[in-house]
Amino acid sequence: MSLPSLFAQLLNGLASASALFLVAAGLTLIFGVTRIVNFAHGSLYMLGAYVAYSLVDALPRGPLGFWGGVIAAPFVVAAVGALIEAFVLKRIYAAPELLQLAATFGIVLIVRDAALALWGAEDLLGPRAPGFAGAFDVFGRAIPAYDLLLLVVGPLVLVALWWLLNRTRFGVLIRAATENRVLAGALGIDERRLFTGVFALGSLLAGLAGALQLPREPANLGMDLAIIAEAFVVTVVGGLGSIPGAFLAALLIGLTKALCVVLGTVDVGGIAIAFPKLTLVVEFVVMAVVLALKPHGLLGTPPAALPTTPIAEFRALVIPPGRASAAGAALAIAGAALLPFTGDEYRAVLATDILVLALFTASLQFLMGTGGIASFGHAAYFGLGAYAAALAVKHGWPMAGALAISPLVALGGAIVFGWFCVRLSGVYLAMLTLAFAQIVWSIAFQWDSVTGGSNGVVGVWPAEALADKRVYYWFVLALVVPALVALTWFASAPFGYSLRASRDSALRAEAIGIDARRMQWQAFAIAGALAGLAGGLYAFSKGSISPDTLAIPRSVDALVMVLLGGLNALAGPVIGAASFIWLQDALARVTDYWRAVLGIAILFIVLVFPMGIGGGMQVLLRRGRRRP
Amino acid sequence: MNGTSDVLAVARLRKAFDGVDALVDVSFTVAAGELVALIGPNGAGKTTCFNLVNGQLAPDAGTVSLGGERIDGLPPRAIARKGVGRTFQVAATFASMTVRENVQLALLARQGAHRSVAARATERERVAADALLAQVRMTRFADQGCATLAYGDAKRVELALALAGRPRLLLMDEPTAGMSPNSRNRLMQLAADLAREQRIAVLFTEHDMDVVFGHADRVIVLDRGRIIAEGRPEAIRANREVRAVYLGEDEPV
Chain A
1 MSLPSLFAQL
11 LNGLASASAL
21 FLVAAGLTLI
31 FGVTRIVNFA
41 HGSLYMLGAY
51 VAYSLVDALP
61 RGPLGFWGGV
71 IAAPFVVAAV
81 GALIEAFVLK
91 RIYAAPELLQ
101 LAATFGIVLI
111 VRDAALALWG
121 AEDLLGPRAP
131 GFAGAFDVFG
141 RAIPAYDLLL
151 LVVGPLVLVA
161 LWWLLNRTRF
171 GVLIRAATEN
181 RVLAGALGID
191 ERRLFTGVFA
201 LGSLLAGLAG
211 ALQLPREPAN
221 LGMDLAIIAE
231 AFVVTVVGGL
241 GSIPGAFLAA
251 LLIGLTKALC
261 VVLGTVDVGG
271 IAIAFPKLTL
281 VVEFVVMAVV
291 LALKPHGLLG
301 TPPAALPTTP
311 IAEFRALVIP
321 PGRASAAGAA
331 LAIAGAALLP
341 FTGDEYRAVL
351 ATDILVLALF
361 TASLQFLMGT
371 GGIASFGHAA
381 YFGLGAYAAA
391 LAVKHGWPMA
401 GALAISPLVA
411 LGGAIVFGWF
421 CVRLSGVYLA
431 MLTLAFAQIV
441 WSIAFQWDSV
451 TGGSNGVVGV
461 WPAEALADKR
471 VYYWFVLALV
481 VPALVALTWF
491 ASAPFGYSLR
501 ASRDSALRAE
511 AIGIDARRMQ
521 WQAFAIAGAL
531 AGLAGGLYAF
541 SKGSISPDTL
551 AIPRSVDALV
561 MVLLGGLNAL
571 AGPVIGAASF
581 IWLQDALARV
591 TDYWRAVLGI
601 AILFIVLVFP
611 MGIGGGMQVL
621 LRRGRRRP
Chain B
1 MNGTSDVLAV
11 ARLRKAFDGV
21 DALVDVSFTV
31 AAGELVALIG
41 PNGAGKTTCF
51 NLVNGQLAPD
61 AGTVSLGGER
71 IDGLPPRAIA
81 RKGVGRTFQV
91 AATFASMTVR
101 ENVQLALLAR
111 QGAHRSVAAR
121 ATERERVAAD
131 ALLAQVRMTR
141 FADQGCATLA
151 YGDAKRVELA
161 LALAGRPRLL
171 LMDEPTAGMS
181 PNSRNRLMQL
191 AADLAREQRI
201 AVLFTEHDMD
211 VVFGHADRVI
221 VLDRGRIIAE
231 GRPEAIRANR
241 EVRAVYLGED
251 EPV
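Protein sequence lines correspond, in order, to chains A and B.
Using our numbering, you'd call the opening residue of the first sequence number 1 and step up by one each time.
Using our numbering, you'd call the opening residue of the second sequence number 1 and step up by one each time.
Check each hint, because a few of them may be wrong.
[What the hints assert, rightly or not] List of simulated lysine to aspartate or glutamate pairs, EDC-like, C-alpha gap at most 20 Å: (1) A:90 - A:190; (2) A:469 - A:345; (3) A:294 - B:18; (4) B:82 - A:515; (5) B:82 - B:69; (6) A:542 - A:267.
[To be verified] Have a look at the derived ranges for each label pair, beta carbon to beta carbon: (7) A:301 - B:183: 54 to 60 Å; (8) A:263 - B:120: 29 to 35 Å; (9) B:217 - A:180: 39 to 45 Å; (10) A:272 - B:123: 54 to 60 Å; (11) B:42 - A:271: 58 to 64 Å; (12) B:183 - A:328: 41 to 47 Å; (13) A:276 - B:123: 34 to 40 Å; (14) B:217 - A:301: 39 to 45 Å; (15) B:123 - A:327: 40 to 46 Å; (16) A:347 - B:111: 35 to 41 Å; (17) B:42 - A:292: 32 to 38 Å.
[Unchecked claim] So, partial list: chain B residues that the calculated Cβ filter (under 8 Å) puts toward chain A: (18) 77; (19) 110; (20) 113.
No lab work stands behind these hints, which were simulated from the structure alone.
Where is the CB? At the ideal position from N, CA and C, for every residue including glycine.
Using the sequences and the hints given, assemble the complete structure.
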């Protein structure tokens, strides 16, 4: 490694850190005041790039047109952000985290399809920045002038935000609301206007980051989720709500990444470690280390202002399944067993998908509902199971062995990751689960020689006897039903009650002799293993797997299915998975914009039907029973 | 107090936070069937003392013994299993369960069966749970969800949860905080009767002096981390120093 190359990489790392800081600063600002984890923040960033492209394109060529477009675009994005806040978020500030997250993900889907409709699927490369198109020669290395510009923008925005927060009335209100929302409200601060203002400001920063990115990267439809995971990491590492923290974290991560590139392949104790390949993983490793040492991030404080009472659903009385539920379940199983006789092979394939996803969803519902642990990265365990099965087959294992190992590998992952996760709580815990999922994803994506990289593994077909789609469906049914019954059984046994007790009041659980953290860890392990089994079954049903199997959208799918079914309803996972698959299948046939329709459906459920389809049916049934 | 019937013995307990002494050389005992009140102005060290006995904090020096066995430094759940029940300043129950299920779970935890998957939780320890609910006069609320209870009733459930562990020592942190004067005395009388009947040692903190002087057998007064007085309620009531630092008065009432 030479000094000039080190320097060049450092500058590059700092330039990326700058852009990342802009996005993270907006995210942390919004979280600090509204307590909403805004998944759609990446969409606003993407929108910034697209709007800037159109404006630059429409304005006359030259510096004025370019910079005019880049500067105007964030304001358009801020207006979009204010609209989103006023029409959606305003209604869900008091809702449980899961619903808020689902709603913002619904917005992600809608914005994605809106961008597709407006700008098309092609990547749009913007012009070079006038005046910054060249490169400087630093120690014999060419450093793009534009990188140097970005380098300056980050600290400038930090200073501007500092000024805004400390020297203006708006800033004082923001700081007051960040510190203690209830007190700020009691002092007569108009929350509604403040929240809209903060959301618009956060959107402005995201839009600015997106617009500034245009000369470096073409505007594309993958920008939203690509940046959001990184922005989450920066926000959490810095401490939620802390802007200087976000700046420090962005620097830390930018520099660590640069260092990885500079280090190259290093021989450590006989094993060659290719550090440049670790760049996708390294930020998540940084996050795991920081959170293990400082559970509230670098500059974060314990969330004193967060409500300590459990979310509304967790205060509702859970009624254990009785005879009627058992009879209903038996009827449903009988119906499911007869299903392949009714339609074509395609119906069996769809039904298999539903069963597999129902198991995946049930494992998450157990963790989130009974355990009270919000996992935003449940795809990790699904993916570990799927990859374990696929790789076992690739290495000549028989199907039985491959399927047996899938829950075991996922169990191992859940035991290791869960140990860290149960030491945190709330949003930090959720973000750590996301980080672990991204680590697993990065490994699957980058470790070509073992995982097949972005192509994944193909040729994962079931044994001869199960080759027929209908037979495979029955096979899956025979495994999924006992697994679902077992989960229900666990939940109504003392184990489930102790787990629920740890969720309702960890303090009280400890006082009667229950080790709350250990209960949660065991729940993590159980949920991970069953998600792994679902992953294994999925691999054999599709015949191939790719890193998409464990990417963020799959984790969110699981959350959406839990939401569709309801957090507490027994039949929730099955209803959630069935309606999700049906919706996707039916929509994909009639429109190219099925994502947007799904997003609107999610918003509808969050705003109108917050207990999910399963939960809503439960309420109706109970009402019906009470009548004479 | 003679040493043999002492359930709780605290000796030369010391705890500092960031160099500030919260508790200095505190020693006292509580005997079986005895109700001891720990009082003092805010910041006197009552809660620190409680958390040291309960295991939420570990002492810098000194010992906490339960029936002659050292328990200082153990985690709360281990201390709970050794027979220390606790109620909290803000009643803590399991909101998603019925009153009976709360008690059933506490009974299961006492037996170490709380991780079992052998049978439904609702079918276990029903009789014992109902007996405990009868003791705290909560039988008619057995099937109600804990989230919907009146505050005083939630405090009774807490008492049942603590008793479910068949405690030798019961710690009550401001047991009557947030209750009306009438229900205060009823709850305290119930706790006192049950404790004396079952020979449970009780240590409680309390701000309401009527409750303290009406129910405690002995009162310990803390000020700035030190015990400044200890004795029978009447004696404490008459103590000049206590009046000065705690009751904030110079003249007898």
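Hints and how they fare:
1. A:90 - A:190: holds, 13 Å
2. A:469 - A:345: holds, 6 Å
3. A:294 - B:18: holds, 19 Å
4. B:82 - A:515: holds, 14 Å
5. B:82 - B:69: holds, 10 Å
6. A:542 - A:267: This hinted pair is violated, its Cα atoms lying about 38 Å apart.
7. A:301 - B:183: 54 to 60 Å: violated, 38 Å
8. A:263 - B:120: 29 to 35 Å: violated, 57 Å
9. B:217 - A:180: 39 to 45 Å: holds, 43 Å
10. A:272 - B:123: 54 to 60 Å: This hint holds: roughly 59 Å between Cβ atoms.
11. B:42 - A:271: 58 to 64 Å: holds, 59 Å
12. B:183 - A:328: 41 to 47 Å: holds, 44 Å
13. A:276 - B:123: 34 to 40 Å: Given a distance of about 59 Å, which is not inside 34 to 40 Å, the answer is violated.
14. B:217 - A:301: 39 to 45 Å: Roughly 43 Å apart at Cβ, these two residues keep to the hinted range, so it holds.
15. B:123 - A:327: 40 to 46 Å: Roughly 19 Å apart at Cβ, these two residues miss the hinted range, so it is violated.
16. A:347 - B:111: 35 to 41 Å: violated, 50 Å
17. B:42 - A:292: 32 to 38 Å: Given range 32 to 38 Å: holds, Cβ gap about 36 Å.
18. 77: Holds - the Cβ of residue 77 (chain B) comes within 8 Å of chain A, reaching about 5 Å at its closest.
19. 110: Residue 110 (chain B) check passes; min Cβ-Cβ to chain A is 7 Å, inside 8 Å.
20. 113: For residue 113 (chain B), the interface hint holds, since the closest Cβ of chain A sits about 6 Å away, which is under 8 Å.
Checked against the numbered hints listed earlier, the structure breaks hints 6, 7, 8, 13, 15, 16; every other hint is satisfied.
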